[in-house]
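Undergrad: The lines below spell out each chain.
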Amino acid sequence: MTARLPALRLALALVAAPAVAQELDAPVRLEPVVVTPTRLEQTSGDAPASVTVLTRDDVRQSAAQTVDDLLRQVPGFSLFRRTSSAVAHPTAQGLSLRGIGPSGTSRALVLVDGVPVNDPFGGWVYWSRVPLQAIEQIEVVRGGGSSVWGNYALGGVVHVLTRRPTQRAALLETSYGTRDTMNFDLLLMETQGPLRLSVEGNHFDTGGYEVVRESRRGSIDIDADSRHSTFNGRVELVDSPDFSLFLSGNYFDEARGNGTPLQWNRTDAGALAAGGRLRTVDGGDWSFALFGQLQEFRSTFSSQALDRNSETRALDQTVPASSLGAWLQWSRRAGSHLIAAGGDARWAEGETDERVYVAGTFARTRIAGGEQLLTGVFLQDVFTPHPAWELVGGVRADWWLSQNGFRRDTPPPAGVPPRQTFDDVERTLVSPRVAALFRAGPATDVRASAYQGFRVPTINELYRVFRVRNDVTAANASLRPERLTGGELGVHQRWGPVEARVTGFWNDVKDLIVNVTLATRLADCPAGTTCRQRQNLDLARIRGFETEVELRPATAWRLLASYLFSDARVVEAPQQRSLEGNRLAQVPEHGVTLGVRYQNPALFNASATARYVGGQFEEDANTLPLGSYIVADLFLARALARWSEVFVGVENLFDRTYATGRTSEGVVSIGAPRLVHGGVRLSF
Amino acid sequence: MTTIRAIPFLALGLAASVSPLLAADVILLPPIEIRAASPLVPAAYRHTPLPPYPAVARERRLEGVVLLSVLVGRSGRVVDAGVAASSGSALLDEVAVAAVRKWTFVPARRGARAVESVVEIPVKFALSRE
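Protein chains in written order, with the numbering used here: chain A, 5 to 688; chain B, 225 to 354.
Among the clues, some could well be false.
Said to hold, decoys possible - Examples of chain B residues lying across from chain A (beta carbon under 10 angstroms, computed):
# : residue
1 : P263
2 : P266
3 : A267
4 : Y277
5 : V339
6 : K348
Just so you know, the hints here were simulated from the structure itself, not pulled from any lab data.
All residues carry an ideal CB built from backbone N, CA and C; glycine is no exception.
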């Protein structure tokens with residue numbers, strides 16, 4: 005009898021009757037172990053691509069206060085300029101992955117819950133439209149995504165997924181920091197039967213910082229500040245796991261000072277989206293979305309004296325733009341095939357209404373704009389012939405129409421006709437992709453893929469002139485789409501607590517749109533300015549590799565290291581042979597991120613990140629270098645109760661000064677100084 | 225399912241190894257004094273590499289806590305492991321069991337002697353830590 009006692013005890017413990025087992029001297033309960041996805045783990049279907057996933061944890065454990073600053077730790081992620089979106093000009097907020105794309109326009113597609121958010125007029129991204137607290141997960145898929153997503157996805161896709169309500173909850177995050185920086189973010193979630201509601205309001209305000217290097221600062225230089233407010237609402241009807249519908253809306257308003265009294269910009273935008281998902285009895289999975297956006301962007305520019313003690317108004321522009329879009333996707337598993345097909349359309353219209361000033365006095369108005377339509381269909385098959393193999397084949401065809409392009413100058417400057425209408429352009433673009441994943445062993449994956457992708461010129465690139473200090477970049481209505489042909493090969497290896505991934509890539513971009521410095525000034529460039537124009541370069545080549553290593557020596561610790569090498573060069577430029585062999589503007593050769601994170605909910609959570617960005621050039625001619633730099637961030641959080649947490653974040657811990665831009669006159673823009681913020685997170 | 229079939233063997237194995245000791249003690253002393261007389265120092269984690277989060281589980285947003293019962297041998301290796309309380313997902317249960325089988329522990333001790341012991345380990349699968 006006594007001999008049976010332990011047997012009974014163990015059997016009970018194993019057959020899920022812990023309550024009874026405990027009375028009989030229960031086995032020792034050890035500390036819980038938490039398994040979370042690593043950043044390198046893949047979602048199926050994306051498997052042959054190079055994906056980095058940031059989870060809600062990564063978001064909560066970062067000193068970054070904006071999505072773009074958060075994403076800078078992902079290898080290969082960069083914005084056109086090094087400046088954080090907290091103070092940068094929105095037109096510099098286009099992202100590129102792996103160094104493809106040296107201008108303010110994005111060379112990757114950004115989706116929030118499946119809805120594209122690249123600006124319909126200029127392709128850049130308003131990062132602050134997505135408050136950090138709302139983020140569930142961000143997937144950064146590097147490498148050609150055009151075979152499914154079409155336009156912009158030539159460099160990859162960044163997919164932001166927001167939180168879904170699972171119960172009634174209220175989440176508040178508020179912080180205050182140096183430079184009068186305050187952030188207030190309230191997210192309310194509710195579930196009522198099949199309805200799930202969430203509303204969020206976020207207000208951010210910062211006094212900002214000086215953006216011109218001290219040695220060149222004059223009396224006109226003031227802090228570049230910014231503030232924005234975002235309101236998001238979403239209603240979802242989840243009838244069953246097989247059927248759901250959603251409706252969401254976003255209002256966004258931001259205002260920025262650009263570092264001198266006469267230079268500022270503001271944006272107001274409203275967006276609506278609706279969609280749904282249906283799984284049919286035959287196993288088909290349908291989803292669709294409709295989305296539209298209305299916005300107005302206004303920006304003023306000045307011309308500054310060399311000593312920076314005076315400035316005169318140069319340009320005041322207002323850019324209304326609107327867009328509409330829709331997509332429909334279907335997928336179904338058929339044996340070892342997962343077949344997906346779909347189609348989408350996106351229409352955008354916008355114009356720039358400008359008042360041009362010469363020597364501070366009004367000279368003329370300039371209005372330019374146009375309309376674009378892009379529609380495409382795709383088909384993709386993910387074939388799993390054997391558990392160790394996953395083969396992906398897909399192709400997408402797009403039809404691009406750019407029409408009603410116009411420009412009116414009143415009165416026109418010398419050499420410019422008063423009224424211009426530009427020819428409609430029509431193009432068909434085909435984007436194929438093949439990819440393979442081979443699970444060579446239980447701990448080893450090998451990936452390879454080859455693809456083509458594209459990006460069409462934006463309305464902005466075709467018709468809008470812009471100016472940074474005294475450097476003017478003119479538009480070009482005859483730009484052609486960029487075409488990328490590329491491939492990559494990667495290995496993903498796990499050794500116990502260490503996970504590593506190396507991916508080599510090769511991309512040839514035909515007709516890459518860059519800002520080319522001209523020897524002879526165009527009519528759009530006033531005397532005394534440096535004149536550039538957007539032009540298609542015949543061929544640019546971006547080759548390199550990225551490495552990511554994640555180490556989890558114990559459950560509380562995570563160490564991350566990543567390195568990107570990107571050799572981005574102009575190969576052929578018949579219109580300007582001197583550019584051949586030059587590095588692409590604003591693309592550093594080396595980027596390194598090191599991170600360490602300690603998570604112990606009973607004590608505190610901490611993370612430290614250091615980022616090295618290699619030297620790069622401001623412009624195509626490679627005469628204006630921007631030196632390398634290292635910045636370190638620190639974040640500490642401690643739970644006070646189940647429902648509250650206090651935190652401190654420090655950006656640029658060692659207060660390093662680094663260049664973010666350099667004009668031909670030698671005025672150097674600088675990045676953020678040390679910024680400290682502290683706050684509280686409450687959840688009910 | 226394999227875990228459940230393993231239970232009788234696991235139970236027998238443990239019963240055989242521990243029973244002489246317990247048989248003597250239980251007859252002589254009340255339960256509380258068993259521990260006082262020959263205190264059991266429980267097993268502790270030594271090397272516990274975490275399993276990858278299964279891709280399918282990520283895709284379907286599966287989360288949950290699996291409670292594992294693990295028989296830790298005298299050497300600190302796992303003699304057997306089974307599910308004591310399911311996470312609700314067979315996939316997560318399976319992944320947890322497979323991972324734990326590879327773990328090593330500091331074995332439990334009674335006095336100076338390493339002994340076999342049973343530990344319960346909650347393994348939580350969470351798409352983000354909160």
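Undergrad: Against each hint, give a clear statement of whether it holds in the structure.
TA: To see whether the hints hold, each was checked on the structure:
{"no.": "1", "hint": "P263", "in the structure": "violated, 12 angstroms"}
{"no.": "2", "hint": "P266", "in the structure": "holds, 4 angstroms"}
{"no.": "3", "hint": "A267", "in the structure": "holds, 7 angstroms"}
{"no.": "4", "hint": "Y277", "in the structure": "holds, 4 angstroms"}
{"no.": "5", "hint": "V339", "in the structure": "violated, 12 angstroms"}
{"no.": "6", "hint": "K348", "in the structure": "holds, 5 angstroms"}
In summary, the numbered hints that this structure violates are 1 and 5.
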